[in-house]
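Asker: In case you want the letters, here they are:
Number of protein chains: 2
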Amino acid sequence: MKNEIKVAPMHKLIKRAGAPRVSEESALALGRALEEIGLKVAREAIDFARHAGRKTVKARDIEIAAKKVLSR
Amino acid sequence: MKNEIKVAPMHKLIKRAGAPRVSEESALALGRALEEIGLKVAREAIDFARHAGRKTVKARDIEIAAKKVLSR
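Here the protein sequences line up with chains A and B, keeping their order.
Residue numbering for the first sequence is 1 to 72, as defined by our numbering.
Residue numbering for the second sequence is 73 to 144, as defined by our numbering.
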């Protein structure tokens, strides 16, 4: 399945974090990692929305889910 | 500071996770969360690269850093 997260923004993110040099493969790796984390967060968020009786995922569902995924 | 991660791919990611409906605000929230997580991972990766005596961040630095950030 194709990645939603592109390489160029990942390259910029690693630069912004202070890297003197960024390899193409590291930008690809960050995209893969964030894609996987993003899917995990989204799945948890969908559960929260469903639990609240909503079909629409809202910002607060994502925020709670992100905290949960990070603290695990 | 402007976000590197755009809204459209976040919308698609939440859809792919199985959401029947995705609000604009939730896509924005996921972008903010992944941007923050991405910066954390990148900062750790830079430390690993530096520790290995490299100026260039490599894929393995990102992979170790992502595991570390997620397991905390």
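Misleading hints may appear alongside valid ones.
Stated by the list, open to error - Here are the simulated DSS-like pairs of lysine-lysine, each with C-alpha atoms no more than 27 Å apart in a straight line:
| # | chain 1 | residue 1 | chain 2 | residue 2 |
| --- | --- | --- | --- | --- |
| 1 | A | Lys2 | B | Lys127 |
| 2 | B | Lys74 | A | Lys55 |
| 3 | B | Lys127 | B | Lys139 |
| 4 | A | Lys55 | A | Lys67 |
| 5 | A | Lys2 | A | Lys58 |
| 6 | B | Lys112 | B | Lys127 |
| 7 | B | Lys112 | B | Lys140 |
| 8 | B | Lys112 | A | Lys67 |
| 9 | B | Lys74 | B | Lys112 |
| 10 | B | Lys127 | A | Lys68 |
| 11 | A | Lys67 | B | Lys127 |
| 12 | A | Lys12 | B | Lys130 |
| 13 | B | Lys78 | B | Lys140 |
| 14 | A | Lys68 | B | Lys78 |
| 15 | B | Lys140 | A | Lys68 |
| 16 | A | Lys68 | B | Lys74 |
| 17 | A | Lys58 | B | Lys130 |
| 18 | B | Lys74 | A | Lys67 |
| 19 | B | Lys84 | B | Lys127 |
| 20 | A | Lys12 | A | Lys55 |
Unchecked claim - Stretch-level coverage of chain A by chain B, calculated; a stretch enters the list once three of its residues show a Cβ under 8 Å from a Cβ in chain B:
| # | region |
| --- | --- |
| 21 | 8 to 19 |
| 22 | 33 to 44 |
| 23 | 51 to 57 |
What the hints assert, rightly or not - If you only want the chain B side, here are some residues facing chain A, beta carbon under 7 Å, derived:
| # | residue |
| --- | --- |
| 24 | Ile77 |
| 25 | Ile86 |
| 26 | Ala91 |
| 27 | Leu106 |
| 28 | Ala114 |
| 29 | Arg115 |
| 30 | Lys127 |
| 31 | Ile136 |
| 32 | Ala138 |
| 33 | Lys140 |
FYI, nobody ran anything at the bench for these hints, they're computed from the structure.
All of these numbers come straight from a predicted model, not from anything done at the bench.
C-beta atoms are modelled at their ideal positions from N, C-alpha and C, and glycine is treated no differently.
Asker: All hints are to be evaluated individually against the structure, with a verdict given for each.
Answerer: Checked hints:
1. Lys2(A) <-> Lys127(B): Distance of about 30 Å is beyond 27 Å: violated.
2. Lys74(B) <-> Lys55(A): Violated. Lysine 74(B) to lysine 55(A) sits at ~30 Å, over the 27 Å cutoff.
3. Lys127(B) <-> Lys139(B): Since the Cα atoms of lysine 127(B) and lysine 139(B) sit roughly 21 Å apart, the hinted pair holds (cutoff 27 Å).
4. Lys55(A) <-> Lys67(A): holds (21 Å)
5. Lys2(A) <-> Lys58(A): holds (25 Å)
6. Lys112(B) <-> Lys127(B): Cα-Cα ~18 Å, so holds.
7. Lys112(B) <-> Lys140(B): Holds, at about 10 Å.
8. Lys112(B) <-> Lys67(A): Answer holds: lysine 112(B) to lysine 67(A) is near 14 Å, not above 27 Å.
9. Lys74(B) <-> Lys112(B): holds (17 Å)
10. Lys127(B) <-> Lys68(A): With a Cα-Cα distance of about 33 Å, the restraint between lysine 127(B) and lysine 68(A) is violated, given a limit of 27 Å.
11. Lys67(A) <-> Lys127(B): Measuring from Cα to Cα gives roughly 32 Å; hence the hint is violated.
12. Lys12(A) <-> Lys130(B): Between lysine 12(A) and lysine 130(B) the Cα gap is close to 15 Å, so the pair holds against 27 Å.
13. Lys78(B) <-> Lys140(B): holds (25 Å)
14. Lys68(A) <-> Lys78(B): The given pair, whose Cα atoms are some 23 Å apart, holds under the 27 Å limit.
15. Lys140(B) <-> Lys68(A): holds (16 Å)
16. Lys68(A) <-> Lys74(B): holds (26 Å)
17. Lys58(A) <-> Lys130(B): violated (35 Å)
18. Lys74(B) <-> Lys67(A): holds (22 Å)
19. Lys84(B) <-> Lys127(B): violated (35 Å)
20. Lys12(A) <-> Lys55(A): violated (35 Å)
21. 8 to 19: holds (count 9)
22. 33 to 44: holds (count 9)
23. 51 to 57: holds (count 3)
24. Ile77: Cβ of isoleucine 77(B) sits 6 Å from chain A, so the hint holds.
25. Ile86: Holds, because the Cβ-Cβ distance from isoleucine 86(B) to chain A comes to roughly 4 Å (cut-off 7 Å).
26. Ala91: holds (5 Å)
27. Leu106: holds (5 Å)
28. Ala114: holds (3 Å)
29. Arg115: holds (5 Å)
30. Lys127: holds (5 Å)
31. Ile136: Status violated, d = 10 Å.
32. Ala138: Hint on alanine 138(B): holds, closest Cβ of chain A at ~4 Å, below 7 Å.
33. Lys140: violated (11 Å)
Checked against the numbered hints above, the structure violates hints 1, 2, 10, 11, 17, 19, 20, 31, 33; every other hint is satisfied.
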